[in-house]
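Colleague: Residue numbers (the numbering used here), protein chains in the order written: chain A, 1 to 281; chain B, 1 to 295; chain C, 1 to 229; chain D, 1 to 429.
Think of the hints as simulated: they come from the structure by calculation, not from any bench. Note that the structure is a prediction, hence the values are computed from the model and not measured. Treat the hints with care, since some could be wrong.
To be verified - Under the rule of at most 25 angstroms between Cα atoms (straight-line distance), these lysine-lysine pairs were calculated in the DSS-like manner:
(1) C:K225 x C:K158
(2) B:K125 x D:K407
(3) D:K91 x D:K212
(4) B:K125 x D:K223
(5) C:K158 x C:K135
(6) C:K174 x C:K202
(7) C:K158 x C:K120
(8) C:K220 x C:K174
(9) B:K125 x D:K212
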Amino acid sequence: MINALVAFYAFFLNLLAVSIGMAFIYGVARVLNLAHGAFFVLGGYLATALITRLGPVPGALATAAVLAALPPLFYLYVRLTRNELEQLFATYALLLLMEGLFKLVFGYGNYTLADLAAGLGAASVGGQRVPYAYFLAGVAVAGLMATFYLLLYKTRLGLYMRAVSDDREMAALGVRSPLVQHLSIFLGIFATALLGAVAATWQAYTLGLSAEVLIYAFAALVIGGLGNIWGTAAASALVAVARTAVVMFYPELELLVIYIAVIAVLLIRPGGIFTRYARVA
Amino acid sequence: MRGWLSVVAFIGVAAVVFAAGGDYLKFVAAYVMMWSLAVWGAQLLLRYGLVNFGIGGAYAVGGYAAGLLYRHFGIAEVTLHILTAVVAAGLWGLLSGVVSARVRGVQYALLNLALSMVLYSILLKFYWATGGSDGLYVPLPRFFDASLGDLGLYLLALFFATAWMTLGLVYSQSAAARLADGVRINELRVSALGAHINRQIAAASALASVSAGLGGLGVAYVTSHVSPHYAHWSTSGELVVAALLSNFLPQPWGFVAGAAAYQAVRLFSLQFVTPELFVGVALLATLGLWRYYRR
Amino acid sequence: MAVLSAVDLHKSFGGVKAVDGVTIEVRDGERLAVVGPNGSGKTTLINLLSGLYPPDKGRVFLQMRDVTKAPMHVRVRLGIARSFQLPQLFPELTVYENVAVAFAALRGFSLRAVPHEEVKSILELFDLWDKRSVKAVSLSEGEKKVLDVALAYVSRPKVLLLDEPTSSVAEEDKMSLMERLLEKLRGISIVMVEHDLDVVEKFAERVVVMRAGKVVATAKPADVKTLEI
Amino acid sequence: MGIAFVAGLGVGAGLTSLMRPQVSQLTPTGTATLETPKYTTVSPARRKEVFKLGVVTFQTGAASIFGIPALNAAQLLVDQINQAGEILGAKVELVVRDESGGPDKMVAVYRELTQQAGVDAYVGLISSADCLAVAPVAEDIGTTLTVFFDCATKQLVDRGMMKKVTFRTGGTTVTDGVALARYVLEVMPDVKTVVGLNQDYAYGRDEWADFKNALLTMKPDVKVLDELFTPLFATDYSAQISKILDLRPDLVHTSLWGPDLVNFIKQATARGLFQQTRVAFARGEFGLYEGMPDDQIVEGPHYHGFPDPKAYYINRDFVEAYISRFGSPPPYPAYHMANAILGVKYAFEVAAAVENVEWPDLSAVVKIFERLAYATPGDYIIMTPNHNAMRGAVVGISKGGKLTALKYMHAAEVNPPVGVLSDQWVKSL
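Just need the whole structure built from these sequences, with the hints factored in.
Modeller: Have a look at this one:
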C-alpha cells in the first residue's frame, strides 16, 4: 500500500511539473505552445549542467538567473505571430530549433541530478524507503502552486488574469488584457523551466524528450479543463491514480492509460473535469 | 480555368520527371504524391479551423489495409486494397469525426491525438496480428493479373494526386467549402443560419480520413512497408505542418507542393549533424517569407 | 392564429433568473416588439425562442408544433431565423461570400456550388449588390445590420427574431434603416427587441413589456411611451 | 506562378537525372536460404579512387545515445583504414545520414544513398522496424552491399529476409536472451521467481520473450511473477518499482536502454530496489557509467574490457584510439559499427584477392562475405550463409562502474544453428 502511494505521488508530481506552466499560459494568454516540453527539458539540462559545475547553491542561483532570461525571448518570439495557426507553426519550429540547439550545447548524454538528490537519503515509511528528495520536490511544486494561488486569488493582477481567462471580450472592457497576457506568458515559461529543473532530481534529460513531455502536458491540460490550474492538478491526480492502478492490476494497459483518460473525460465532459461553466458558442 | 490548366501542367511535369528522372527522383516523386493525399486531408480540416493531431490514425488505417490483407489473406490486389482502405478509413474518420465534433480547438486536437494513439497502441499490442512496432511488409500491388511495377506505382501516385487536385478544385467551389469558411470564422452564426455543424464536421472528417488513408496506402506501396509509426502523433504533426505550409500556396496544387517542400527539407536535413535545426530554420524562413509577401 | 408561441419559459444563469415564466404569442404576419430595461431578459428570450440554448422549463411551439427540444439549426429549417445585437458576420469574407455561406448552411455536405443567381437575388433585394466584393469587416454599422438580416432571410423564415436591429446605428439613420428592412420582410412575422421607443412606436404592431424576466404588460405601440419601462 | 513552379520542378528533375550515378545491377536467381544467388554486373572491374561508405544511424532523439558512439567509431575506423592502405587503394569516404523519421524515411534514405549518392556499401540502422522496412527494398534494388550493424530483430533470419545483398554483422535478441539466461543460471542456480520489465514495443517484447523462454527451458521451475511493459521514454518508473518491491522476486529482467535505463537505475536505487532484488540488464553496459549499483548482472553485449586489451592488441588499439579521440571508452554500438565496417572492408579485399581482380564485383563480394570469419576489436565474427553473424556475447557482474566476473559466451552457445528457427532452438536448449 505504501508502495502504491509512493508510485501515485511520484507520477502525480511528475505530471504536475510538466503541465502547470502550460495550463497557466494557455489559460490566460491562450498561447498553445508546442515548444512547451522543450522549455521543461531546458530547465533540466541547465540545472544539471550548472549545479554539477558550480555546486548546489550557486548552481541553482545561476540556473534561476538564466531561466529568468528565457521568458522575454519566448515572449518576443510569440509576439511575431498573428493568429493561432501561425503560433502553432512557429512554436513547432521552435521545438525543433531547441532540440537542435540542445544537441549542439549539451551533447547526447544523460543529464540528471538524481545522484545529488539521492545524497539526501531516504525516510523509512512503513518499512519502505521513501527518498527525502521526493518530499523536497513536492515542497517545491507545492510552493509554486501556492505562489500561483496567491497571485491569482489575492492580487489585483490575479483578478484580471482570471477575468481574462474567463472571458476575453468581457475583460477587454475593464482590463488591460494584453498586459495581463504578456505577464502570464512570462510566468508560465519561467515556471515550466523551473519545474524542469526540479524534476532533474528524479529524471534524466536526453535528446528527444521535449516531444514526449509535451503529450503529458497536453493531456493534463485538456482533462483539467484548459488552463484551470486546479483542474490541471485534479487531472494529474486522476491520471496518476489510473496509471498506478493499471500498473498494479493490469500492466498491459499502461501505454494506453493516458489516452483513454483523455478520451473518456472529453466524451463525458467536453470541457474537461473542471470547467466552471459551459461556454455558449 | 487556371486551376484546370495547372492540373494539366502538373501531369506534364510528372511525365517529364518519370521520363528523365533518376530512380531516386522517381521514387521521391511517387512518395510525395502519395503522401500529399494525407496532407490534403489535414488541410481540408484546417479549412474548418480544426487542427487534427490524429490524422495519422487514418493514414495508418490505409497503410494497414494493404499490410493486413497481404499478411493474412495473401491479397495483393490493388483494387481490393483501395476499396478496403477507403471503407476502413472512411469509417474511422466518421467515427472519430462524430466523437470529436463535440469539441473544438485544443480539445479537438488532443481528442484526435488520443484516438490515433489508441490505434497506435493496438497496432503495438496485437503484434501477432499486426507485426507490432516492427510493422508489416507490403508487396508491390497487383492489378488483376499484372504486377504494378515502378511505372504502375508512379501512375497510381499521379492518378491520386491529380484526382485530389481535381477534387480540391471542385470542393473549393462547393457549398461545403463555403460552410467550412463559415464554421472557421463564426460558428455561432453558421449554426443560426441552419447548418448542422457537427454533421458537416463528421462528413469532412470522413472525407479527410479517406484521403489520408489512401495516402497511407500509397506510401506503404512505395516504401514496401507499413509500421505503427504511421499512427504516431509525430506523423500527424508532420502532416499538419505540411498542411499549414500548403496553406501558404495557391490552389489547386498547393497540397502537393507543400508536401514536396516539407519532404524535401526533411529528407535533405538528414545529412546534417542537427537535422532539427535545419528543418526549424526552414519552417521559420517559410513563415517569414509568407509574411513578407502578405504584408 | 399564432405562428410562434412560448409557454411558461424559465432560464437561469448561476442563480440569476434571466427569464422567469414568460408566455408569449406571435401572431401570423405581425410585428411584435419586446421592450424593457437592460437585464430584463429580452435577449435571453430571443435566445430561447431561437434555440441557442434550451429553457430550464417551458415549451416553444411553431405553428402548433413543439420545437422545445429542437436545436437552433433545426428551428431555422422549420422557419425561425434570427439576427444578432452585434451583427454576427464573417468579417474576412466579402458580402457575396457571406450570403453564399448562408445558402450553404441550408445544405448538407454538398460538393455542388451555391447557385450564383440565388445569391445575387438576395443581394439585390437588400441593396447590397454594389457592395458584393467588400469585406464584411469594412461595411458601415448600418450595412452590417442589413447584411445580418439578409443572412437570416436566406432561409425564408416564417418568423424572424431581430435582436436590437437599430443599436449602434446613428440616430438619424435608424428610421430609414427600419423602413428599408421591414419593406423587404413583408409577410414575415417579426419579433424585435428594441430600445428606441420611437422605432417601436412607428414600426411595431404590438408591444410586450418585460421586467426582471417577466412579461409585465402588453400594449399598443401608441401607448408605449406612456408606460413606465 | 503555379505553372512556373511546376515547370521548374521538371527542369530540376531533368538536370538531376544527368547526375545519376553508375551502378551495377543484380538479378536474383535462387530463393533457397542456403543457395548462393548468381549475379550479373555491368560495372567494369577497375580500381576505384573513392570508396563511398553510406552510414545511417541515430544522431537525434533518445537513440542518439547509441547512434553517436557508433558514428564516432565509423569515423575512427575510416581514418585508420585510409591511413593503412585504404580499401583496395580506394579512399573511404563516409556519407552520413540520420536515422530519424521512421521506417518510410529510412527507405527513402536507402534509395537516396544507393541510387543518388551511389555509395559502394551501406552500413546502418539501429531500429528493428527500420531494418525490416529496408531489407526487402535493398534486396529488390540489389545493387549495393547492405550491412545492418545493430538492429536485433530475429525476423531478419527467421523469415529469410537477407538473401542477396543484405547482411547483418550482429546477433539477435535471442543472442542476448540466451546469453543472459545462461549466465543467470550460473551465478544464481537457485533462482525461483522473476519479473520482466521491458519497453512496450517489439524489441522489448522480443528481449523478454527470448530470455524468459531460454530461462524456463533450462530451469522449468522458475516462476514468472509479472510481465511489465512500459511506454518508451516514460521518465517515471515509480509504479513499476513499487510493484517489484511488493512482489519481491529473486530476479528482474530488463532490456531498458537510453534515458529509460538511467531513470530506472536512479529511481530504483533511491527506493532501495537493488538491495532486495537482483536485476539482469540485457543492455546494461550504458548503465555502468550512470550509477549502476554493484552486483547486478549486466550483458554488454560488448564490453571494452573484453577481450582483455592487455592480451588482445586489436581491442587495445581500438579502445585507446577511441578514448584519446572521444574521451570515453567505446560502448557496445561502437563495437557493432566496427564489426560492420571491418566486415565490409574484408569482404571487398578478400573477394578481390580470391577473384584476382583489381575491384571485385558485387556477386564476388557477397559470395565471400557469406563465408567470411574475421577478428574485430570486440569479438570474432563468423558470417553464415543466411547472411547473419554468429557471434558471442559478454556478460558480467557490475562492480564500481566496471564489469567483473566477465564471461564470454561462444557464438554457438548463444545463436541457433543456420537453418533452425530461433524459437525452436530456444525450446531445445
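Colleague: For each hint, tell me whether it holds in the structure or not.
Modeller: Okay, the hints, checked on the actual structure:
Of the supplied pair hints, the one linking K225 (chain C) and K158 (chain C) is violated, its CA atoms being roughly 29 angstroms apart against a limit of 25 angstroms. Distance hint between K125 (chain B) and K407 (chain D) is unfulfilled; the C-alpha atoms sit about 35 angstroms from each other, more than 25 angstroms. Between K91 (chain D) and K212 (chain D) the alpha-carbon distance is near 46 angstroms, which puts this suggested pair outside the 25 angstroms criterion. Restraint check: the Cα-Cα separation between K125 (chain B) and K223 (chain D) comes to about 23 angstroms, which is no more than 25 angstroms; the hinted pair holds.
At most 25 angstroms may separate the alpha-carbon atoms for a hinted pair to count; K158 (chain C) and K135 (chain C) exceed this at roughly 29 angstroms. Only pairs whose Cα atoms come within 25 angstroms are accepted, and K174 (chain C) paired with K202 (chain C) is accepted, the gap being roughly 11 angstroms. A hinted pair counts as satisfied when its Cα atoms are at most 25 angstroms apart, and K158 (chain C) with K120 (chain C) qualifies at roughly 22 angstroms. Between K220 (chain C) and K174 (chain C) the alpha-carbon distance is near 21 angstroms, which keeps this suggested pair within the 25 angstroms criterion.
For the suggested pair K125 (chain B) and K212 (chain D), the alpha carbons sit about 18 angstroms apart, so the restraint of at most 25 angstroms is met.
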